[in-house]
Amino acid sequence: MADIHSVIGTKNKKGQTYTDTWKMMNEAPRTPSFYTGSEVIKEAVRRASCDVMIAYPITPQSEAAALIGELFAEGYIGDYFRGESEFAVMSQCAGAAFGGARVFTTTAGPGTMRAMENFPMWAGARLPIQMIVTCRGINSPLSIQPDTLEIAYLLNTGMLVWHAETAQDFFDWILKGYMVSEEPDVHLPLALCCDGFFVTHTKDVVNLTPADMCLPPYDPYRSPVPCMDMECPPVRMMRDPFVMKSNYISYATHASWQQEVWAAVERSRKHSIHWLNGLIDTENTDADIVIVASGTAVSQGREAIRLLEDEGIRCGLVKVKTLRPWPEEEIREATKNAKHIFVPEFNVTGWLAKEIRASIPNPQRVHAGPHVCGGMTMPPEVIVQEIKTTLGMKTISMAGRGS
Amino acid sequence: MSQYRVLPGPEHFLPPAAASMGIQLPNPGEAHINGVIASEDKAYEEAAKQFLMARVPTIFPGPLVLWAWNEKAAKKATAVRHLYNTLKECVQPGQTPMLIPMPDYRPKYPKINPEVEINPNHPNLTIWHNKIDCCMFIGVHCHQANLSLKIIRGGTSCYTIAMCAQAGHEDAMLSFRDASVEKIMKLAEWVKKLKGTVQPRLTSAKSGASN
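If you're matching them up, the sequences are chains A and B in order.
Residue numbers for the first sequence follow this note's numbering, so the first one is 1 and each next one is one higher.
Residue numbers for the second sequence follow this note's numbering, so the first one is 1 and each next one is one higher.
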């Protein structure tokens, strides 16, 4: 059993130096690079000291799985193979993580839904798997364009759920994500989401850490559950487990087990704040109008704020970075001065607005919208129109612009 | 700061996990007492007091120290035995220190033998049977420890201490973190130091299942 600190400064088989993660992310020089989001995922994984990556290549939504196959060919990943389906992939990820591996995978849209049974199982088994979710439409008719509805289904699985705005977020958070999810008091899977296509297929300048530095390896001996003990829970899931017994203490044990998973989500709060510099980012939250958003809706909101400023309307912004843990206190504080809170979203149900309404006093301040879905874009003018209409101001109709 | 305090139960039919009530784990170099962050020295003193006040102070060593799977584990096991021996030397007549192992986490039915083991899935049985009013977990995997500590808080009045090798446990009434041989030995020193200065709860101890 090697102490993690003892490997810092040593080299892996590719000649990368295991580096203190804080130094690597915050002090090492960065190189600006012009990459697609999928390429950025590959570059982050190159530096993540991953043991196993299992793929169900869901191209064209994201090329990440195929690109990581190239990393395997280059020798940066311990093992890589293709599952028979998304469900199989997620089950195989569990097996690898039970065995003590650092595991990475990707999915999107209908694939996420097909694999869904595995996610509460991952959380219940305290497996710190990282899953990239490049969100796309989940309903028929299918769409490869972004739609964040699948995030709503992930929120109650017991996984950590983060929502990246940009490819830069993605690069940084893949690496930082392992640091949070592998803490022994957390030790939960992380669904790192982005709005597919917008982030995965477009190119952006991303500042990369040096390719010859990598994360320290995962230490499975810090796991809060035994590593691959076939006789004990959580591996021993179905053979004579306590959940199958009909007595009070069996149910109490199962209940306590679930509570412990959500307690671990709560404990991730401290670590997430440390690594992400807070669960939310804020700008001008003393304004009467505040936009609260996650993912690329933040970018559109920021642009809408610029347009509104040109007209003399001051507006603040809250970027929600983590959805689980949910930044309830932070959002309550950031919106305390707001008379109107707008929540633009790329989905039909408005799950983020519902979460915010449940978290703040005077929830009638929350305007759930504007919404687009099914892969539509959300021009900032649409957000501007929504705000001005709500304020009773004259506005140019956007109707027909999308046709 | 959370107003919730992690106190001996019986607390509730299904008590909340302390973390969900806003209780935070200590940072390195700290401990917590009842969910409030405290210095390690204060925690040593309080843990030693609780042991010396208890009618049946008990250590529950888990698989991580019961099996000699590495040198450190073997050394910790020796330190745990030393702490137990120290407890036996320092208690007064009428107090009965115990050392009951948690050898594994297998769900065992129809029942375990509470005289020889404790199982995290139904810890009440061992606590009730032996009338344990203060216990310390050591060498138990964190998830199983939290599970068990919460069930104990829910259904018994036992005071719980965690000597955790990782980040600590909010569901215990008192928790150390980053447990080492030195920390176990230091707790034993505190028990010795407080010998004869703490009044045991002999007359007020509850009996039977009310424990």
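Some hints could be false.
If we take Cβ atoms under 7 Å as the criterion, some of the chain B residues that face chain A in the derived model are [to be verified]:
#1 His12
#2 Leu14
#3 Leu25
#4 Gly29
#5 Trp67
#6 Ala74
#7 Lys75
#8 His82
#9 Tyr84
#10 Asn85
#11 Leu99
#12 His143
#13 Gln166
No wet-lab data here; the hints were simulated from the structure.
Values in this document were obtained by computation on a predicted structure and should not be read as measured data.
Backbone N, C-alpha and C define an ideal beta-carbon position, used for all residues, glycine too.
Residue hint B/Trp67, partner chain A, criterion CB-CB below 7 Å: violated, 11 Å
Using 7 Å as the Cβ threshold, decide whether B/His12 counts as touching chain A. violated, 11 Å
Any CB of chain A closer than 7 Å to the CB of B/Leu14? holds, 6 Å
Report holds or violated for the interface hint on B/Gln166, using the least CB-CB distance to chain A and a cut-off of 7 Å. holds, 4 Å
Restraint check, 7 Å cut-off on beta carbons, for B/Asn85 near chain A: Violated - the Cβ of B/Asn85 stays beyond 7 Å from chain A, reaching only about 28 Å at its closest.
Under the criterion of a CB-CB separation shorter than 7 Å, is B/His82 in contact with chain A as hinted? violated, 24 Å
Would the hint on B/Leu99 stand, with a C-beta cut-off of 7 Å toward chain A? violated, 22 Å
The hint names B/Gly29 as touching chain A; please verify it with the least Cβ-Cβ distance against 7 Å. violated, 15 Å
Status of the hint placing B/His143 at chain A (closest C-beta pair under 7 Å): holds, 4 Å
Using Cβ atoms only, decide whether B/Leu25 comes closer than 7 Å to chain A, and label the hint accordingly. holds, 6 Å
Per-residue hint verdict: B/Lys75, partner chain A, C-beta under 7 Å: violated, 14 Å
Close enough to count: is the Cβ of B/Tyr84 nearer than 7 Å to one in chain A? Hint violated; B/Tyr84 Cβ to chain A Cβ min 24 Å, cut 7 Å.
In summary, the structure is inconsistent with hints 1, 4, 5, 6, 7, 8, 9, 10 and 11 from the numbered list given earlier, while agreeing with the others.
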